[in-house]
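Engineer: So the sequence lines, in the order shown, correspond to chains A and B. Using the working numbering, you'd call the opening residue of the first sequence number 1 and step up by one each time. Using the working numbering, you'd call the opening residue of the second sequence number 1 and step up by one each time.
I should point out that these hints are in silico values taken from the structure, not numbers from a laboratory. Here the structure is a predicted model, which means the values were calculated and not measured. We treat Cβ as the ideally placed atom computed from N, Cα and C, and that holds for glycine. You may find that some hints are simply not true.
Selected chain A positions facing chain B (Cβ under 7 Å, derived; list incomplete) [unchecked claim]:
id, residue
1, 11
2, 14
3, 20
4, 30
5, 73
There are 2 protein chains.
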Amino acid sequence: MNWLDDVVFDERDLVTVIAQDAASGRVLMVAWANREALAETASTGQAVYYSRSRAKLWRKGEESGHRQQVKEMRLDCDGDVILYRVEQGGGIACHTGRESCFFRRLDGDSWRTVDPVLKDPDLIYRK
Amino acid sequence: MNWLDDVVFDERDLVTVIAQDAASGRVLMVAWANREALAETASTGQAVYYSRSRAKLWRKGEESGHRQQVKEMRLDCDGDVILYRVEQGGGIACHTGRESCFFRRLDGDSWRTVDPVLKDPDLIYRK
């Protein structure tokens with residue numbers, strides 16, 4: 001799969017990935033991927049990332065159920081950022097239970113939370 | 001300006017910034033910012049980044065004329081990615097003369113350029 005050779009990975013063999021809702025255009029989250037995560041995303045159509053904290057592949061939604069179906073993958077001009085255009089399962093991408101991780105807006109001298117919690121994280125991640 | 005204290009800068013004192021067209025929702029580009037770049041962006045309403053290659057502030061459009069008027073700044077849940085929602089001057093964010101830096105789409109086993117060049121870069125950056 002030579003398309004992976006066009007991706008410019010950093011010194012940790014990772015690339016930045018932005019997930020965007022394909023329907024609304026909302027920027028949902030930013031995470032990392034390695035070569036394996038990109039390959040699996042392309043082959044399965046389900047968004048896969050690499051979790052630096054857990055040091056392993058992170059199949060988005062494996063705990064929360066909020067999977068991302070990838071409609072399109074794009075690469076930027078420098079080759080070091082990937083865009084996943086997704087259909088967001090449950091309409092929730094953020095671990096806080098919000099649609100997007102970008103729920104704080106600069107308002108004067110402070111960040112103000114402007115998006116609602118759609119589902120209590122305790123209910124999303126209950127064991 | 002204590003809002004800057006909520007931003008999680010990396011070991012190089014930089015934070016990832018995504019620029020998104022506020023009207024179309026198109027993800028335009030990804031770059032870096034330092035504390036100074038964010039402060040100037042917030043105070044002037046014009047997108048400022050930090051150029052790693054040139055090791056200085058990069059006032060978007062200072063060469064190309066394609067400035068970005070920042071309508072909104074957002075911070076993600078981890079505090080380490082900023083979203084600029086912008087009005088893109090000239091409708092061109094990419095140095096290749098395209099609207100967006102994400103002009104290559106994965107098509108089978110290769111990246112295919114799917115967005116047109118709107119203006120010849122030689123005309124954008126002529127001395």
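Engineer: Hint by hint, note whether the structure agrees.
Structural biologist: Right, here's what the structure says about each hint:
{"no.": "1", "hint": "11", "in the structure": "violated, 12 Å"}
{"no.": "2", "hint": "14", "in the structure": "violated, 13 Å"}
{"no.": "3", "hint": "20", "in the structure": "holds, 6 Å"}
{"no.": "4", "hint": "30", "in the structure": "holds, 5 Å"}
{"no.": "5", "hint": "73", "in the structure": "holds, 4 Å"}
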